[in-house]
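Number of protein chains: 2
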Amino acid sequence: MSELAPFPTSEYTRRVERTRERMREAGLDAVLVTDPANMNYLTGYESWSFYVHQGVLVTLDHDPVWVGREMDAKSAEVTTWMDDEHVLSYTDDYVQSPHDKHPMDYVAAVIEEYGYDDRTLGVEMDAYYYTARSHARLTDQLPEADVQDATLLVNQVRLKKSDAELDYMRQAAELAETGMQAAVDTIAEGVRESDAAAAIYEGLIGGTEEFGGDYPAIVPLMPSGDYTGTPHLSWSDREFEEGDPVIVELAGCKHRYHCPMARTLTVGEPSPEMAETAEVVIEGLETTLDRIQPGMTAAEAEAVWSESIAKHGIEKDSRLGYSTGVGYPPDWGEHTVSLRPEDDTVLEPGMTFHVIPGIWFDDFGVEISETIHITENGAETLADFGRDLFVV
Amino acid sequence: MSELAPFPTSEYTRRVERTRERMREAGLDAVLVTDPANMNYLTGYESWSFYVHQGVLVTLDHDPVWVGREMDAKSAEVTTWMDDEHVLSYTDDYVQSPHDKHPMDYVAAVIEEYGYDDRTLGVEMDAYYYTARSHARLTDQLPEADVQDATLLVNQVRLKKSDAELDYMRQAAELAETGMQAAVDTIAEGVRESDAAAAIYEGLIGGTEEFGGDYPAIVPLMPSGDYTGTPHLSWSDREFEEGDPVIVELAGCKHRYHCPMARTLTVGEPSPEMAETAEVVIEGLETTLDRIQPGMTAAEAEAVWSESIAKHGIEKDSRLGYSTGVGYPPDWGEHTVSLRPEDDTVLEPGMTFHVIPGIWFDDFGVEISETIHITENGAETLADFGRDLFVV
Chain A
0 MSELAPFPTS EYTRRVERTR ERMREAGLDA VLVTDPANMN YLTGYESWSF
50 YVHQGVLVTL DHDPVWVGRE MDAKSAEVTT WMDDEHVLSY TDDYVQSPHD
100 KHPMDYVAAV IEEYGYDDRT LGVEMDAYYY TARSHARLTD QLPEADVQDA
150 TLLVNQVRLK KSDAELDYMR QAAELAETGM QAAVDTIAEG VRESDAAAAI
200 YEGLIGGTEE FGGDYPAIVP LMPSGDYTGT PHLSWSDREF EEGDPVIVEL
250 AGCKHRYHCP MARTLTVGEP SPEMAETAEV VIEGLETTLD RIQPGMTAAE
300 AEAVWSESIA KHGIEKDSRL GYSTGVGYPP DWGEHTVSLR PEDDTVLEPG
350 MTFHVIPGIW FDDFGVEISE TIHITENGAE TLADFGRDLF VV
Chain B
0 MSELAPFPTS EYTRRVERTR ERMREAGLDA VLVTDPANMN YLTGYESWSF
50 YVHQGVLVTL DHDPVWVGRE MDAKSAEVTT WMDDEHVLSY TDDYVQSPHD
100 KHPMDYVAAV IEEYGYDDRT LGVEMDAYYY TARSHARLTD QLPEADVQDA
150 TLLVNQVRLK KSDAELDYMR QAAELAETGM QAAVDTIAEG VRESDAAAAI
200 YEGLIGGTEE FGGDYPAIVP LMPSGDYTGT PHLSWSDREF EEGDPVIVEL
250 AGCKHRYHCP MARTLTVGEP SPEMAETAEV VIEGLETTLD RIQPGMTAAE
300 AEAVWSESIA KHGIEKDSRL GYSTGVGYPP DWGEHTVSLR PEDDTVLEPG
350 MTFHVIPGIW FDDFGVEISE TIHITENGAE TLADFGRDLF VV
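Each protein sequence line maps, in turn, to chains A and B. Residues 0 to 391 (numbering that gives the first Met the number 0) are what the first sequence spells out, left to right. Residues 0 to 391 (numbering that gives the first Met the number 0) are what the second sequence spells out, left to right.
Next up, chain A with everything else stripped away, as it sits in the complex:
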């Protein structure tokens, strides 16, 4: 029981209590939590098992119940704070069984066993691994339940980090620095992109003498050459060439807490347009970091950036950043607050954001980012890594 959990049980039970407060406000008797980050947040559960259907049933009256594949029950027993009675598992013939059985049949039976089959039940309608069929099977088997959308209910609880969570995010920041330094040290004319990626992994996972890193929810992204305008490419066996711009976006990760970071490099001297764009991005980022503070809305934070680049005649359509923390593939974002004009969330101390200003043109792009923690009177930048355009 919880021998591998990174936090004391009291931290998890507080999180469950805060989840229950939101459930009461929303009129929910139970929530089936299927987002792996939310499962981890509430119980400590950690395993690469989200490729099969699983969930945690949080109710107002009982301890949470983990439900998953039999093969993963032992992971639940050693990584969560719940006793073994609250770990329930389905047999292997439910796994990817095209025609007959679906794991949600088993989950529905558990919900019935706990007496929630005729109550108000929340499900995370837009969580990655809660598929359309999962929902159809679950609702078919629970005809008496009042099923409501509880997407982001737990994610909202995750927004403000405790000191213990921030400690892991600061460790993740050190790992991000190590990974980014490996990129700066390795990328050069004639080096294969894949070899640079290998060196970055060595930095992110091998880490420091004090600690290594966990796998980040997104692999290092490193579009280069003609492709820096396509921000979500990973790497190939192409060799870097003189004149290439390279954008490296990565995150350090510790106990599933992330610190994302992006930097832009050039192999040899940058073009004048590239150097100028980098200056605009750095000025906009630094102005935003100077002025961001609690009490401001997400939209107001974005406006600082927009106004800064507008002075140079540039507009950007995509969001400036998003809240980050616990994450599993495919995303380290929390999906709650976005720094963009449409988001009126008031920033509060303890929230953490990946502020990722980027400007992309047809043939090149510049991204330089920081992960920040909103403090009582401003923002702490978690990592400590130069904000230059790196010439390698």
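FYI, nobody ran anything at the bench for these hints, they're computed from the structure. It is possible that some hints are incorrect.
Identical chains blur together in the list; that is why a pair holds if it fits in one copy or across any two.
Simulated crosslink set (DSS-like; lysine-lysine; CA at most 27 Å straight-line) [as the list claims (entries may be wrong)]:
{"#": "1", "residue 1": "Lys100", "residue 2": "Lys159"}
{"#": "2", "residue 1": "Lys310", "residue 2": "Lys159"}
{"#": "3", "residue 1": "Lys100", "residue 2": "Lys315"}
Got chain A; can you put chain B on it based on the hints?
Same frame as chain A, now just chain B:
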């Protein structure tokens, strides 16, 4: 257009044609393909963008249409064979926008524009990233469409590999060997699990002099010590200790094609039970590989293994293996054929499977696996790596 695609356009158009044959058989006029592996398979599309909603609309009458986020449209333009007219994208305010807009609203508009809003439309109900809300939004906006479940329709087309696909899987096998060799060379008493993971990544991604590797769909899994009975743990900062069993499961990956491989190591001499279990696993695996051949069913292949271990008084409940090939996180399995008693699929030349016999007890487990290609008269093992219990 397709400047980064790993196959000639003719290979993709053949795949689309085979998909259309299945669509006709199923009475479907169109299919919205959202599984990133299926999107890649049909179009070449490659990007870490599956954390936002996206899809490829395959119809009987038009070239496929990629629909996704504006920021990723350029990736679609350079990695797919379709012309830019068939790349349609939504603006950034659709991304993770909790209350107003959902990307499927845009997808529905595209389906309407192409005239399929009152036709029979397949969707992949149980694909990872096709969420319950995606389905609800899509069907709400297309009240006249006859929406059918087309889960695995494209996956079935993927089962039999072409020679060009097998070439990439053989490259992936070399990468798996390099990664596993790094594990064997690095794991030792006093070494941190995270440092071993970093070395494995260096092998998998840094690869060989001829080529590097892409990121595998699952991170290296390496449960050790008391935890080899929990197969889906990754790594921590624990140092390996004398007597530890370690299971390493990894995959090499090239152009999204995988070759998974598992081996079991012990730090110092294995316990007698461990050595004996390894012998049972190796004997069962080798008997299965000797006898597996086209014309046999998946269930019959599994029976060879079951009978082999039954001679030693051992039963195993989980499946023996599954088809593999193109994959994105969270899985390198194709989700079609499982080697298990309930699966009567007839094995055919060109199919590829990860055959992963494992025996887990409460306090230790042994896994030793191979990825194979069914040939005209037997099976080819893709990687060439010793099947011993490795003593390090």
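Tested hints:
1. For a Cα distance limit of 27 Å, the shortest separation of Lys100 from Lys159 across copies, 26 Å, qualifies, whereas the shortest one inside one copy, 39 Å, does not.
2. In the homo-oligomer, the alpha carbons of Lys310 and Lys159 never lie at most 27 Å apart, since the shortest distance is 33 Å inside one protomer and 57 Å across protomers.
3. Proximity of Lys100 to Lys315 under the C-alpha cut-off of 27 Å is restricted to the inter-copy arrangement: shortest distance 19 Å between copies versus 48 Å within a copy.
Hint 2 from the list above is the single one not met by this structure.
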